[in-house]
Amino acid sequence: MRIYLHTLTARLIPNNSTTSPPKDIKVKESVDLIKKINYRPALDRARPSHLELHLTVPPLSTVQLTYTFDKTILRYTEYPPDANRGFDVPAAIITVLPDDSSDPSAPSPDSNLQPRYSLRTTTLLCSLPTPDFSMPYNVIIFTSTAIALAFGGVFNILVRRFVAADEGPVVGIAALKRRLMLRIGGLLKKLGVKA
Amino acid sequence: MDVGRFAECCRRQDEDRNGARSLERSRLSGTRAMATRRSTWRPLSYQNPCRPILSSPCHCAGHLSPNSSSGSTNVNSTDRDDSTRQWTGRGPTHKMRQPLSTLFLFFFSFLSLPLSLSLTTPDSDSQAPQDYIHAETDYQEQLHLRPLPRAALLASFSFRSNTTFSEFTSRNFRLFPRSLGQILSYANTRELHLRFNLGRWDAESWGSRPWNGAREGGTGVELWAWLVADSEAEAERKWVVLTNALSGLFCASLNFIDSTRTTRPVMSFRPEGNHNDVDPGKMHLLHGVLPHEVVCTENLTPFLKLLPCKGKAGIASLLDGHKLFDASWQSMAIDVRPICVGEDECVLQIEQTIDMVLDVDRAKRPRGKVFLPSLSRLVQLTYHCRESHSPSSPISLPPLRHKQTIPLSRHLLSPRSHSQPGLVPHPGLRPSPERRLSFIQSLHSAHLSPRSLFSQGIFCWRSGRTRKREGKHSVLPSFSRRRVQPRPASSRVTRRRRVGFGRAPDSATSLRRKKLHRLRPRTRWRAGTAAQPFEGRTCLVHLLRDTSLVYADLSTYVDGEAYSK
Numbered sequence: 002m003r004i005y006l007h008t009l010t011a012r013l014i015p016n017n018s019t020t021s022p023p024k025d026i027k028v029k030e031s032v033d034l035i036k037k038i039n040y041r042p043a044l045d046r047a048r049p050s051h052l053e054l055h056l057t058v059p060p061l062s063t064v065q066l067t068y069t070f071d072k073t074i075l076r077y078t079e080y081p082p083d084a085n086r087g088f089d090v091p092a093a094i095i096t097v098l099p100d101d102s103s104d105p106s107a108p109s110p111d112s113n114l115q116p117r118y119s120l121r122t123t124t125l126l127c128s129l130p131t132p133d134f135s136m137p138y139n140v141i142i143f144t145s146t147a148i149a150l151a152f153g154g155v156f157n158i159l160v161r162r163f164v165a166a167d168e169g170p171v172v173g174i175a176a177l178k179r180r181l182m183l184r185i186g187g188l189l190k191k192l193g194v195k196a
Numbered sequence: 014m015d016v017g018r019f020a021e022c023c024r025r026q027d028e029d030r031n032g033a034r035s036l037e038r039s040r041l042s043g044t045r046a047m048a049t050r051r052s053t054w055r056p057l058s059y060q061n062p063c064r065p066i067l068s069s070p071c072h073c074a075g076h077l078s079p080n081s082s083s084g085s086t087n088v089n090s091t092d093r094d095d096s097t098r099q100w101t102g103r104g105p106t107h108k109m110r111q112p113l114s115t116l117f118l119f120f121f122s123f124l125s126l127p128l129s130l131s132l133t134t135p136d137s138d139s140q141a142p143q144d145y146i147h148a149e150t151d152y153q154e155q156l157h158l159r160p161l162p163r164a165a166l167l168a169s170f171s172f173r174s175n176t177t178f179s180e181f182t183s184r185n186f187r188l189f190p191r192s193l194g195q196i197l198s199y200a201n202t203r204e205l206h207l208r209f210n211l212g213r214w215d216a217e218s219w220g221s222r223p224w225n226g227a228r229e230g231g232t233g234v235e236l237w238a239w240l241v242a243d244s245e246a247e248a249e250r251k252w253v254v255l256t257n258a259l260s261g262l263f264c265a266s267l268n269f270i271d272s273t274r275t276t277r278p279v280m281s282f283r284p285e286g287n288h289n290d291v292d293p294g295k296m297h298l299l300h301g302v303l304p305h306e307v308v309c310t311e312n313l314t315p316f317l318k319l320l321p322c323k324g325k326a327g328i329a330s331l332l333d334g335h336k337l338f339d340a341s342w343q344s345m346a347i348d349v350r351p352i353c354v355g356e357d358e359c360v361l362q363i364e365q366t367i368d369m370v371l372d373v374d375r376a377k378r379p380r381g382k383v384f385l386p387s388l389s390r391l392v393q394l395t396y397h398c399r400e401s402h403s404p405s406s407p408i409s410l411p412p413l414r415h416k417q418t419i420p421l422s423r424h425l426l427s428p429r430s431h432s433q434p435g436l437v438p439h440p441g442l443r444p445s446p447e448r449r450l451s452f453i454q455s456l457h458s459a460h461l462s463p464r465s466l467f468s469q470g471i472f473c474w475r476s477g478r479t480r481k482r483e484g485k486h487s488v489l490p491s492f493s494r495r496r497v498q499p500r501p502a503s504s505r506v507t508r509r510r511r512v513g514f515g516r517a518p519d520s521a522t523s524l525r526r527k528k529l530h531r532l533r534p535r536t537r538w539r540a541g542t543a544a545q546p547f548e549g550r551t552c553l554v555h556l557l558r559d560t561s562l563v564y565a566d567l568s569t570y571v572d573g574e575a576y577s578k
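Chains as they are written, first to last, in this note's numbering: chain A, 2 to 196; chain B, 14 to 578.
In case anyone wonders, no lab produced these hints; they're calculated from the structure. The model shown is predicted, which means the values in this text are computed figures rather than measured ones. Misleading hints may appear alongside valid ones.
[Stated by the list, open to error] Computed footprint of chain B on chain A; a stretch qualifies when at least three of its residues, placed anywhere within it, have a C-beta under 8 Å from a C-beta of chain B:
hint, region
1, 34 to 42
2, 45 to 52
3, 116 to 122
4, 134 to 145
[Unchecked claim] For the chain B half of the interface with chain A, some residues (derived, Cβ under 7 Å), not all of them:
hint, residue
5, R213
6, G226
7, T232
8, S272
9, T273
10, S281
11, V302
12, P304
13, H305
[Stated by the list, open to error] Keeping only pairs whose Cα atoms sit at most 30 Å apart, straight-line, the calculated DSS-like set for lysine-lysine is:
hint, chain 1, residue 1, chain 2, residue 2
14, B, K251, B, K323
15, B, K295, A, K36
16, B, K323, A, K37
Here a beta-carbon is modelled for each residue, glycine too, at the ideal position from N, C-alpha and C.
Just need the whole structure built from these sequences, with the hints factored in.
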């Protein structure tokens, strides 16, 4: 996620006006709410986006923070195995500071400035544009099938030995009789020579 | 309180005996006594961790509710006195058996008495959790149960042990886990926070978070630490070392916290410990999250192994992975921070916390047998009813007015209480009418109806052991009685059979056991049967109902000796 920080707005919605129509909602400017912003933009494959806000939230009110962001596109090897599940965006940490801490980032040796209350939002599941990881599988399956079909046919044709139907010896009673007569003739010839 | 001492002894025992046998036995009762006696056989120069048991006041007597707004009670003084009394009262037993050991024992007692008193006096009034500090090595553990709406129960386990810096730097690990300590020293880590979280805290129905959210993290694994490094690049290197080492230690994918997942928060986090001795410019905070990590029982096992007794004794023995990860919300936290009490001595404190929200209805579901099997080994409930307010605390506990010990299971697990939320009838138990009557009468004296008490789902548990007898589960009321007098071998056999096995052995077996018991030292026999490790463990459960407060106390003695004051 790449945050466009210039789109960051904070809207203050008083809680007692939730039942009233939306046009009555007073929208306060974000300048009054946000005291300090600490933003460290992301570098691809080096560091994550990091945004810290120091807000002053009036009592009985709701603050909406909105910003636009871009989803980065990862290299295909950088996706997890369950890429279509989405990507977990870590929980936001909300810390309620004690009253007397005007600047929370200032290094103070006093350790009594512990946060009064802290809570984490739930983890956000963000679905990034995910390539169709089944496409290579489909391609492989399809091409393998085509190759198997083509190769099988060609190989079958190339390797098979074709024999003409009339190349073999004649089979039948006449042929048998002829062979028999030839043998008998041979025997007789032997006998005739001997005699 | 002195469960921690016991745990220390247990650990020492483990190291001494070099095996699982002693751990197995240490789950049972006599280990502490055994450890005490063993300690007396050592040369005097040996620094025995069991020594403070004999004399020092317990440290964890103060009770801190996970939700600070729900009020807290203090039973410090009573607990402390009682634990002391308990141990000094045990002296004559040993004396009869081994005069030499007793001599050493008393020597140790007197030796350590002034030391421990002087060390524990300054902070005895403090209330905050960070203030339970002693400039010495100690250990304490707490379990808080808080009922939540819709039959949910928040169980907060807290284990805290300290080690002094001098011992840490000299690598003399006693209660502080060595495995983690070496990692910390190798990675130059001053303060470490590690969180394993699952589920979502339903703030709308459960209210504010335990520990004000300070002991939980985001879903998955969260790690942040303050490292001491000269430059950012060196801090990064140390961070990689730290994450890789912790990954191996906790069986989690912490090694995937690389630079693409590491942030350096500026405003969100503050060190919890004292870092006055380090240049602030050299302290680097790094923070990494693994939201996709699934926390499961392979993370619980190394977590428990950091404890001195490794989950074999104390309240950690209640932690069952099947129940913990069946919870609606659970959080495991490890916090290591240096804390300085005065200007001279600092301690390194490790606090391990497990919070879980149990769904009682769901826990009831399987076969309807046992309520929360890991927490069901409960025998006794002592509750104290108080009727006026004391000036000390905002919720204010007046002096004890009424005290009674009641076998918990016979009342709470009775068939009548089946309709109450959070209760399951125990199949083998039938409460006697007079006992139930007395229990209800005592509740009325506290301006509470039993139904209101039960509907709050508030109980306090004494860990005991149930046994099977004639196919039924029954509770051993004699289990927590102390046996002071040594008995002849034959009666020991009888007792063992009655307590431990519930099966009448044949004559050959009993003869063999007799011989065995003659051969065995006395300590092993004690280790095998009695329920001494549960002595001294105090668990407080609060029930806030309007302004009247009843707290149930996991008493140490059945006969109420612990509160005889």
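These are the hints, each one checked on the structure:
| no. | hint | result |
| --- | --- | --- |
| 1 | 34 to 42 | holds (count 3) |
| 2 | 45 to 52 | holds (count 5) |
| 3 | 116 to 122 | holds (count 7) |
| 4 | 134 to 145 | violated (count 0) |
| 5 | R213 | holds, 6 Å |
| 6 | G226 | holds, 4 Å |
| 7 | T232 | holds, 4 Å |
| 8 | S272 | holds, 6 Å |
| 9 | T273 | holds, 6 Å |
| 10 | S281 | holds, 5 Å |
| 11 | V302 | holds, 4 Å |
| 12 | P304 | holds, 4 Å |
| 13 | H305 | holds, 5 Å |
| 14 | B:K251 x B:K323 | holds, 28 Å |
| 15 | B:K295 x A:K36 | holds, 27 Å |
| 16 | B:K323 x A:K37 | violated, 45 Å |
Violated hints for the displayed structure, listed by number in ascending order: 4 and 16.
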